[in-house]
Amino acid sequence: MSDKTPKDQEQKAAESEVKEFKKDLGPFVIAGETTRMPMVFTDAREADDPIIFANDAFLELTGYERDEVLAKDLTFLLAPGTAKDALPDLDSEPGETNDIHFCHKDGSDFWADVFVHPVKDEEGTVVQHFMSLVDTTRHKTALRNAATLIDELNHRVKNTLATVQSIVTQAVRNSSDPEIVRESIEMRIAALSRSHDLLGREKYDGAGLHDLLGEALAPFSVTEGRAERFTVEGKKIRMTPKATLALGIAFNELATNAVKYGAFSNETGTIAISWTMNEEPDGRWLCLHWREKDGPKVTPPTRKGFGSRVLEQGLAHELNGKVKLNYAPDGIICTIHVPAPQAMLDG
Amino acid sequence: MLVLMAIEDMLADFGCTSITVAGNIEKALALVNSEPFDLATLDVNLDGQRSYAVARALNLHGVPFAFSTGYGEHGVGDGFGNRPVLNKPFNQTQLFEILKGLLADPKGHPSSTLKAA
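In order, the protein sequence lines correspond to chains A and B. If you count the first sequence from 1, position 260 lands on 260 in our numbering, and the numbers rise without skipping. If you count the second sequence from 1, position 6 lands on 1006 in our numbering, and the numbers rise without skipping.
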């Protein structure tokens, strides 16, 4: 006990008792004072069981100075809203209560299991209570984080299943040829999977736009030296997880179309992808262009396919922006214009 | 995004003629407060945020609505636990049954639906 300013007679008496302890039980008292387990002795002969001894670990746990806790009963530490009977019943024999919600001096919360043992004199009268606390805050926080993660994982799994369901539904709606249905399902699930790979590597904290494009276009560029036939130009920008998934699907649709009908369907076509960040009256926007050139001459489709719907409606809604697909004769130009919250600078 | 498009297709199959989509809370609130709707489905998680503010606005305007969620039954809170819930992934029949149940007028047909997801 480093503090030598006892507040009143009562405390003085209590301290002298502790001194007696010290004499009788030397090493045990030192253990009590220095152990990392927070502990206090209270005076059972007083009505409120005031604290007469608090070790350093207790002071560290609660943030109080010794003279701020002495002569008080443990209830002063309870967090607002925690009932006094959350503490173990002092009148019963050894007792414990778990996960009691306390309040640190700095106002932060902590949780602890509290164990109580009566200390009796030679006549068997309870003269003190010995209380020890086990800080369960970290354990509790870890449990809560795990629960949140499981919830979030479940949410993502369900959303992914719903997306796969939509991919299947769309494929069946758009063709009755089983080969085409199979191909479009496999191709889109693979694209979704690549986006999840990318997000997984980034701990689901979004992804850089360059990485996103690299991942989305990888399967289309490995063959026939196409890698040299597309260029990507733009400052490093980080996209949100939601935008990463949506753009992954969108770029996959564009690239698939390019391979089937566009700039990648012949030997000479090129695709140039570029973007800028623009300050506009209603905030900062990302403006991305996908420009195809030197492919076969483009003729606008007579009927809007799934790909163009994904881009012009799906992507535009998902990212609260505008997406325009221009079937220019020289090559398709897709303009993606989305507000900056979907993209964070300096990624 | 693809899920939303699939739901639009399902609604179109039911004969819904006017389907409006909102991708975030701000846009959904603006729509609910400015246009009349017969029905709505509301994702509990709208662009990373809980959508209860939209739910309250729908209640205020007397628009019947169901939640859709990937969090399961316990995922709907904030006093809306008694609302019908579509658990993702759901199919066309499940959506149809929920919407049918929502329509107060048994003779009514869904004609205008707000879809926020």
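None of these hints come from the bench; they were simulated from the model. Backbone N, C-alpha and C define an ideal beta-carbon position, used for all residues, glycine too. Don't take each hint at face value.
The calculated lysine-lysine pairs, modelled on BS3-like cross-linking and capped at a C-alpha distance of 25 Å, are [to be verified]:
1. B:LYS1027 - A:LYS242
2. A:LYS158 - A:LYS120
3. A:LYS322 - B:LYS1100
Just the calculated beta-carbon pair ranges, DEER-fashion [claimed, not checked]:
4. B:ASN1059 - A:ALA146: 33 to 39 Å
5. B:ALA1012 - A:PRO281: 49 to 55 Å
6. A:ASP151 - B:GLU1097: 25 to 31 Å
7. A:ARG201 - B:ASN1087: 44 to 50 Å
8. A:TYR261 - B:ALA1030: 36 to 42 Å
9. B:ASN1059 - A:LEU143: 50 to 56 Å
10. B:ASN1087 - A:PRO281: 40 to 46 Å
11. B:ASN1059 - A:GLU96: 43 to 49 Å
12. A:PRO178 - B:ASN1087: 27 to 33 Å
13. A:PRO301 - B:ALA1012: 17 to 23 Å
14. B:SER1034 - A:TYR261: 38 to 44 Å
15. A:THR75 - B:PRO1036: 53 to 59 Å
16. B:THR1017 - A:GLU202: 20 to 26 Å
Far from chain A by the CB rule (all over 10 Å, computed), these chain B residues [to be verified]:
17. LEU1002
18. ASN1033
19. GLU1035
20. ALA1053
21. ASN1082
22. ARG1083
23. PRO1084
- request: Check each numbered hint from earlier against the structure, then list the numbers of those it violates in ascending order.
  value: 2, 3, 5, 7, 9, 16 and 17
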